[in-house]
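Mind docking chain C on chain B? Use the hints.
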Amino acid sequence: MKQKILIVDDSFYMRTILKNMLSDAGYSIVGEASDGVTAINMAKETNPDLVTLDLILPDNTGLDVLKAIKKDNPRIKVVIVSAVGQEAIVKEALNHGAQSYIVKPFAEDKVIEIINNAVNDTVAA
Amino acid sequence: MADKAREQEYKEIFVAESFEEYDAINKYVTELEKKPGDDKLVGEIFRMLHNLKANAKATGYLNVSQFAHTLESVFGAIRNKEVKFSGKVVPVIFESVDALGLMLKFLDEPEKAALDPTLEKNLEIILSPASNEAIDEKNIKHYHTAQNISLSDLIYIPIRKLDDMMNLVGELIIDRDRVVNFSANHEDPGLKLLSSHLYRITNEIQQAVIDARLVNIGYLFNKFPRIVRDIAAVENKTIDLEIIGEDIQIDRNILQILTDSMLHLVRNAITHGIEPAAERTKNNKPETGNITISAQNDKDTVLIRISDDGKGIDENMVLQHAIEQNFITREKAHELNKKEILSFIFEPGFSLSKEITEFSGRGVGLDIVKNAIDSLGGRLSIDSNTGKGTTFNLYVPTSIAVKGALLFEIENNSFAIPLIHTDAVVTLDRMEIHEVGNAMVADIKGETLRLIDLKGLFQERGISKPAYKQDLADIVSVIIVSYNNRQLGLIVDKLIRQQDIVVKPLQKPVDNIDIFGGVTLLGNGEVCLVLDVPSISRNFILKKKEMPAVPA
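In order, the protein sequence lines correspond to chains B and C.
According to the working numbering, the first sequence is numbered sequentially starting from 1.
According to the working numbering, the second sequence is numbered sequentially starting from 1001.
Okay, chain B solo, but in the shape it has when bound:
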């Protein structure tokens, strides 16, 4: 059974790249969201195995989304995919339950490796 991924990013360009990359890698993309409220609702609706989450979103910061998703459904793995690379932010995200953190721009094979590990609950890179 294909594992389900929800993509959250306010950039259509980024969502397209991630969608193609991850479905080529064998995942089923069950939804895309471009803002926090939609992301939280879609997570509840589609019950994905993993969410890729951008941190800078129009209405909420990504951290609020992270907290909400982990609270609603702690089973869902959340991987941050963001251009924000400061160590303090990375630490904060991991502390709030993010499985791993990918900094944009990313290399395709690295992303796939991190997502694969995250979904299978191996220790985050």
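Since the hints were derived computationally from the structure, they do not count as laboratory data.
In this text, all values refer to a predicted model and were calculated from it rather than measured experimentally.
No residue lacks a Cβ here, since even glycine has one placed at the ideal position from N, Cα and C.
Treat the hints with care, since some could be wrong.
To be verified - In the DSSO-like style, the derived pairs of lysine-lysine whose C-alpha atoms are separated by at most 27 angstroms in a straight line are:
no.	chain 1	residue 1	chain 2	residue 2
1	C	1081	B	91
2	B	4	C	1223
3	C	1040	B	91
4	B	19	C	1011
5	C	1057	B	19
6	B	2	C	1237
7	C	1161	B	19
8	B	110	C	1004
9	C	1004	B	19
10	C	1223	B	19
11	B	2	C	1370
12	B	67	C	1040
13	C	1223	B	2
What the hints assert, rightly or not - Now the in silico label distances, taken between C-beta atoms and shown as ranges:
no.	chain 1	residue 1	chain 2	residue 2	range
14	C	1252	B	94	40 to 46 angstroms
15	C	1030	B	91	34 to 40 angstroms
16	B	23	C	1371	21 to 27 angstroms
17	C	1181	B	58	54 to 60 angstroms
As the list claims (entries may be wrong) - A partial selection of chain C residues facing chain B, derived with a Cβ cut-off under 7 angstroms:
no.	residue
18	1013
19	1047
20	1054
Leaving out everything else, chain C in the frame of chain B:
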């Protein structure tokens, strides 16, 4: 590799989205000038620049990325109240936004958008709060943006809007044909001129909408290198995939419907077609298997081929399985030619495979492919040579709503049959028709063709009536149709003409008559039923029960 089309697609998306972001930044900064305390505006500008920075870097436009990064830092500082959006900072920001716009305009010619050194210095000063240098306002360049508004050439449009347009074009064509017909029956030069013009214009609109819906078939084909690699890895085979015809264009919805079918066929090619390396070597074949997916145009049809150089499909084995699984009786089996035998693999429930692999599951699942092609009004055929390989041929229309059709007459009523299923039209002398068992056949170029008397079929409302040779005229017109590798000859009263038709589905209460797939309205106002060739074929080719005996 085949990533070229994808790269182009990504670039187009990046360009379109960047211009949107640039416009937003411009708008917000202008608003911010009036409301410098508005933190939300600052946040939005920051977000736009943040995305631009990341996406430009990903697409390889480093000058844009670096500059966006600088501006992002400035607005980060404004957000953190380290810098105020006031005084001399304001014109520097406006100039920066203009510089950014220029960079986006000349993405592929960055030398035309080189940054003004004074601007760079000014930004540096803004970003170093400890600096005592003053912003150089004398040399600030002013880009006259009011003279330079440019819109992105690419727009996003939901496919639904194009679907709506397509339906309307269909309606328009029906009415147009009515008008043309009316004009033909009335002597009025003014009307004739108008209707002739209307005819032309409508054709052009139809063409334009069809064209707007076209996408490159490469968008689908380019997903396959990765898929082939993964399946091959599981199957322990090495496969070389060749892709031809990525630039062939096809209706976006048709392409959507084809995705599952292509996936199925490619999987089958790897799992069942290509032999394990040892076996290939034994048969003097290279260890690496070859699979080709190709597309080519043939007027308003696209031919998609999935081809492998594997072990081919053994028609004797297919026939054996078909008999064992009760798809045909042993007696009738010897009447079939190779193409007809091979077509059993498309029957639901038919299975050749005894193994279940991770990807293939039980059976071959090719009936899914057949259903998809049928639903498109397309055509599926298969060529195979034992030991050499197999090729699946998918003929699909370039566009869905309008089909080419052949009109014919039975008892003064007009009917239509989609051209895609029509192989040829012949005229036969009654003497050339023979009765074999309870069926009528004729010899066409050395092949035995089964004939169906459509008049008899229609009269009995779908229940097959024995065809009696003596009921036929001396000279009969026969339309040879092809479905699923098999051919049938349909005897009709008269052929009318070829024409493009808009097929509408049958509405209740007549929507369960399976031999008709829809209805169309002719120019003279006549309602014309459209034959469903797959359904007719099913009724006559795979019969397991005998037809009633011919009277003595």
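Outcome of range test on Cβ distance (residue 1252 of chain C, residue 94 of chain B; 40 to 46 angstroms):
holds, 41 angstroms
Using the nearest Cβ pair, does residue 1047 of chain C come within less than 7 angstroms of chain B?
OK, holds: residue 1047 of chain C within 7 angstroms of chain B, min 5 angstroms.
Are the Cα positions of residue 1223 of chain C and residue 19 of chain B separated by 27 angstroms at most?
holds, 12 angstroms
With a cut-off of 27 angstroms on the C-alpha distance, tell me whether residue 67 of chain B and residue 1040 of chain C pass.
holds, 22 angstroms
For the pair we were handed, residue 1223 of chain C and residue 2 of chain B, check the Cα-Cα distance against 27 angstroms.
Roughly 17 angstroms between the alpha carbons, so the hint for residue 1223 of chain C and residue 2 of chain B holds.
Cβ distance range 21 to 27 angstroms for residue 23 of chain B and residue 1371 of chain C, holds or violated
Check passed, 23 angstroms falls within 21 to 27 angstroms.
Any CB of chain B closer than 7 angstroms to the CB of residue 1013 of chain C?
Interface hint status for residue 1013 of chain C: holds (5 angstroms vs cutoff 7 angstroms).
Has the given pair, residue 4 of chain B with residue 1223 of chain C, been kept, meaning a C-alpha gap of at most 27 angstroms?
Roughly 19 angstroms between the alpha carbons, so the hint for residue 4 of chain B and residue 1223 of chain C holds.
Residue 1004 of chain C and residue 19 of chain B: Cα distance at most 27 angstroms?
holds, 17 angstroms
Satisfaction of hint between residue 19 of chain B and residue 1057 of chain C, Cα-Cα up to 27 angstroms:
Given pair residue 1057 of chain C, residue 19 of chain B holds - Cα atoms ~19 angstroms apart, limit 27 angstroms.
Quick check on a hinted range of 34 to 40 angstroms for residue 1030 of chain C and residue 91 of chain B, using CB atoms only.
holds, 38 angstroms
Taking 27 angstroms as the top limit, are the C-alpha atoms of residue 19 of chain B and residue 1011 of chain C close enough?
At roughly 16 angstroms apart (the allowed maximum being 27 angstroms), residue 1011 of chain C and residue 19 of chain B satisfy the hint.
Every hint, counting from the list given before, is met by this structure.
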